[in-house]
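Just so you know, the protein sequences line up as chains H and D, in that order.
Quick note on the numbering used here: the first sequence kicks off at 97 and runs consecutively.
Quick note on the numbering used here: the second sequence kicks off at 100 and runs consecutively.
Treat the hints as calculated values from the structure; they're not laboratory data.
Since this is a predicted model, take the numbers as computed values, not measurements.
There may be inaccurate statements among the hints.
The calculated lysine-lysine pairs, modelled on BS3-like cross-linking and capped at a C-alpha distance of 30 Å, are [what the hints assert, rightly or not]: (1) Lys102(D) to Lys173(H); (2) Lys108(D) to Lys161(H); (3) Lys153(D) to Lys182(H); (4) Lys180(D) to Lys134(D); (5) Lys183(D) to Lys198(H); (6) Lys180(D) to Lys153(D); (7) Lys180(D) to Lys161(H); (8) Lys108(D) to Lys123(D); (9) Lys183(D) to Lys182(H); (10) Lys153(D) to Lys174(D); (11) Lys137(H) to Lys123(D); (12) Lys173(H) to Lys123(D); (13) Lys134(D) to Lys137(H); (14) Lys137(H) to Lys174(D); (15) Lys161(H) to Lys182(H); (16) Lys102(D) to Lys182(H); (17) Lys180(D) to Lys137(H); (18) Lys108(D) to Lys174(D); (19) Lys108(D) to Lys153(D); (20) Lys134(D) to Lys174(D); (21) Lys153(D) to Lys198(H); (22) Lys180(D) to Lys198(H); (23) Lys108(D) to Lys137(H); (24) Lys134(D) to Lys123(D); (25) Lys134(D) to Lys108(D); (26) Lys137(H) to Lys182(H); (27) Lys137(H) to Lys153(D); (28) Lys108(D) to Lys183(D); (29) Lys198(H) to Lys134(D); (30) Lys182(H) to Lys134(D); (31) Lys173(H) to Lys137(H).
Partial pick of chain H residues on the chain D-facing surface, computed with a CB cut under 7 Å [said to hold, decoys possible]: (32) Pro112; (33) Val119; (34) Val122; (35) Val141; (36) Val156; (37) Glu158; (38) Ile169.
We put the CB at the ideal spot given by N, CA and C, even for glycine.
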Amino acid sequence: MKKMDEPSVARAKASPVAPLQTVTRVDLAEAVYRRVGLSRKESAVLVEMVLSEVIDRLAVGETVKLSSFGSFIVRDKGERIGRNPKTGVEVPIMQRRVLVFKPSNVLKAHMNGEDIPEDDS
Amino acid sequence: MIKSELIQKIADRNPHLYLRDVEKIVNAILDEITKALARGDRVELRGFGAFSVKRRDARLGRNPRTGVHVEVDEKSVPFFKTGKEMRERLNEGYLS
């Protein structure tokens with residue numbers, strides 16, 4: 097049996113960071129333009145094509161794994177009873193699908209200025 | 100689908116591009132998102148979702164195997180919030 101009086105391990109609190117700027121498709125297209133040398137117009141078309149392909153796969157429930165970046169996973173959630181936090185009224189939440197992003201260790205290392213691990217996928 | 104399959108798929112649809120160029124395109128996109136998050140910026144992709152940065156406070160963690168306490172530094176973690184259209188597409192024809 098587990099002892100209950102052990103020192104509790106603090107759970108890290110996650111607070112959103114106020115973003116400095118917002119990056120959009122336009123910036124992604126600009127990066128492709130600079131790095132690949134296609135026209136600006138074609139760079140934008142290609143960015144759209146890449147995103148659409150990822151979205152289409154996820155829409156049919158497929159997992160998309162992008163090594164060194166992270167995985168997008170579609171999860172099936174069963175029906176459950178929810179509650180309106182304001183009124184306390186119970187409402188059924190239908191079964192549904194949700195998308196979760198699992199960042200790779202490489203991405204997390206980049207965000208924390210750490211050494212970049214080998215590939216992990 | 101994995102990255103190489105994504106690259107192949109895009110290359111198939113663009114016979115005028117070399118495979119290595121498509122590889123550069125996909126990597127340029129992912130690198131740009133990574134760099135933005137490393138700066139603490141937000142990445143918003145309409146129809147898909149938005150990446151943002153969350154900060155986790157330093158905490159006292161412990162090795163689950165040995166039970167030894169260790170200090171865990173504060174760190175930044177990426178967070179993805181699914182966009183409205185993506186959420187709708189995930190559930191299209193899924194609900195009976």
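So if I understand the rule, the pair passes when the alpha-carbon distance is 30 Å or less; does lysine 180(D) with lysine 134(D) pass?
18 Å, holds
Under the criterion that the straight-line Cα-Cα distance not exceed 30 Å, is the pair lysine 134(D), lysine 137(H) satisfied?
Holds, because 23 Å separates the two Cα atoms, which is no more than 30 Å.
Are the Cα positions of lysine 108(D) and lysine 123(D) separated by 30 Å at most?
Cα-Cα ~14 Å, so holds.
Would the pair lysine 198(H) and lysine 134(D) pass a check requiring their Cα atoms to be no farther apart than 30 Å?
Judged against 30 Å, a Cα distance of about 17 Å means the pair holds.
Check whether the Cα positions of lysine 134(D) and lysine 123(D) lie no farther apart than 30 Å.
The hint holds at about 16 Å.
Pair hint lysine 180(D) and lysine 161(H), alpha-carbon separation not exceeding 30 Å
17 Å, holds
Decide if the proposed pair is consistent with the structure: lysine 134(D) and lysine 108(D), CA atoms, cutoff 30 Å inclusive.
25 Å, holds
Quick one, are lysine 108(D) and lysine 174(D) close enough, alpha carbons at most 30 Å?
The given pair, whose Cα atoms are some 36 Å apart, is violated under the 30 Å limit.
Next item in the hint list is valine 141(H). Is there a CB on chain D closer than 7 Å to its CB?
9 Å, violated
Can valine 119(H) be said to touch chain D, with a Cβ gap under 7 Å?
4 Å, holds
Quickly compare the C-alpha distance for lysine 183(D) and lysine 198(H) to 30 Å and report which way the hint goes.
19 Å, holds
Restraint satisfaction for proline 112(H) [CB to CB of chain D, less than 7 Å]
5 Å, holds
In summary, the numbered hints that this structure violates are 12, 14, 15, 16, 18, 19, 26, 27, 30, 31, 34, 35, 36 and 38.
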